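**Q** Those protein sequence lines, which keep their order, are chains C and W.
Per numbering that gives the first Met the number 0, the very first residue in the first sequence carries number 0; after that it's consecutive.
Per numbering that gives the first Met the number 0, the very first residue in the second sequence carries number 0; after that it's consecutive.
There's no promise every hint is true.
Pairs of lysine-lysine residues, derived as DSS-like cross-links and limited to a Cα-Cα distance of at most 27 angstroms, are as follows [as the list claims (entries may be wrong)]: (1) K50/W - K1/W; (2) K154/C - K9/W; (3) K185/C - K9/W; (4) K58/W - K39/W; (5) K154/C - K10/W; (6) K5/W - K18/W; (7) K77/C - K185/C; (8) K77/C - K18/W; (9) K185/C - K154/C; (10) K154/C - K77/C; (11) K115/C - K40/C; (12) K130/C - K1/C; (13) K77/C - K1/C; (14) K77/C - K115/C; (15) K39/W - K10/W; (16) K185/C - K74/C; (17) K185/C - K63/W; (18) K74/C - K1/W.
Hints are computed from structural coordinates only; laboratory data are not their basis.
For clarity, every value in this text was computed on a predicted model and none was experimentally measured.
So the chains spell out like this:
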Amino acid sequence: MKSAVVVFPGINRERDMMLALEAVTGITPLAVWHTDTELPKVDLIVVPGGFSYGDYLRCGAIAARSPIMTDVRAKAQKGLMVLGVCNGFQIITEAGLLPGALVRNAHLHFVCREVKLEVENNSTFFTSRMKKGDVVSCPVAHGEGNYICDEETLKSLEGEGRVVFRYTQGTNPNGAMNDIAGIVNKAGNVIGMMPHPENMIEPLHGKTDCRPLFESLLAA
Amino acid sequence: MKAKVKVTLKKGVLDPQGKAIEGALNHLGFGGVEHVRQGKYFEIDVAETDKAKAMSEVKAMCEKLIANTVIENYDIELA
Numbered sequence: 000m001k002s003a004v005v006v007f008p009g010i011n012r013e014r015d016m017m018l019a020l021e022a023v024t025g026i027t028p029l030a031v032w033h034t035d036t037e038l039p040k041v042d043l044i045v046v047p048g049g050f051s052y053g054d055y056l057r058c059g060a061i062a063a064r065s066p067i068m069t070d071v072r073a074k075a076q077k078g079l080m081v082l083g084v085c086n087g088f089q090i091i092t093e094a095g096l097l098p099g100a101l102v103r104n105a106h107l108h109f110v111c112r113e114v115k116l117e118v119e120n121n122s123t124f125f126t127s128r129m130k131k132g133d134v135v136s137c138p139v140a141h142g143e144g145n146y147i148c149d150e151e152t153l154k155s156l157e158g159e160g161r162v163v164f165r166y167t168q169g170t171n172p173n174g175a176m177n178d179i180a181g182i183v184n185k186a187g188n189v190i191g192m193m194p195h196p197e198n199m200i201e202p203l204h205g206k207t208d209c210r211p212l213f214e215s216l217l218a219a
Numbered sequence: 000m001k002a003k004v005k006v007t008l009k010k011g012v013l014d015p016q017g018k019a020i021e022g023a024l025n026h027l028g029f030g031g032v033e034h035v036r037q038g039k040y041f042e043i044d045v046a047e048t049d050k051a052k053a054m055s056e057v058k059a060m061c062e063k064l065i066a067n068t069v070i071e072n073y074d075i076e077l078a
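Can you make the complete structure from the sequences, with help from the hints?
**A** Structure follows, in structure tokens:
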């Protein structure tokens with residue numbers, strides 16, 4: 000499992016993500032700078048969290064139009080696995096790889112705390128080591144994680160089992176529709192999620208609940 | 000030419016910032032405030048002098064970057 004992490008100005012979770020990928024896969028991920036135009040040969044691209052371009056215009060909007068994203072989009076369409084976490088979710092959604100949008104948290108506050116995630120779809124490359132209905136603890140840290148989409152999209156996400164993670168009842172930190180925390184595209188190779196699983200895999204993180212998510216990558 | 004672009008949230012898209020502004024206006028005693036929606040405003044100077052061409056250029060900018068058409072509408076005024 001070779002992976003690469005895309006780095007934009009203002010991204011700050013790329014090291015956590017690289018450490019998590021390395022801890023589980025045993026292979027150091029490559030870092031790809033946003034001005035590059037071609038991705039290295041890897042099995043997985045991760046767009047990490049942070050505040051690319053200071054969230055100017057809309058969170059993820061400017062990063063989504065970076066030179067490297069043309070190749071990310073092209074290779075994703077050919078089946079390359081792409082994982083977007085937090086700002087990465089916002090970026091790949093702005094880039095059109097996932098439907099809907101992430102808007103300001105309903106209560107306007109930045110949230111930085113632990114939530115409970117229920118695994119709704121365990122047939123994805125990031126959840127295959129989990130059981131459907133498993134509940135894991137995972138930290139969130141965002142001001143704009145409120146997932147919205149039109150009714151038709153919501154119906155197809157729900158009907159096709161494309162909601163991968165849902166905040167369990169009472170822990171929705173941002174007002175997201177149907178408590179959606181993470182989704183997958185139709186083809187099954189692009190996942191976006193607001194919580195930070197990379198920060199819950201080592202005993203020093205307090206819990207290791209999200210380690211099986213990364214272990215799922217080994218089977219992908 | 001100067002393009003003045005207004006970007007607003009589509010009807011039905013939750014606008015928590017507008018709600019907060021609405022609440023603040025009410026606190027200030029503006030009792031007549033019924034509803035506030037907030038948006039963005041851009042002034043873009045373009046070299047193009049032909050109005051139709053400038054319009055289509057700015058429209059492309061809105062579609063590609065300035066607005067997220069999943070949640071936002073845009074309105075262009077050329078001067």
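**Q** Could you tell me which of the numbered hints above are not met by this structure, giving the numbers in increasing order?
**A** 8, 11, 14 and 18
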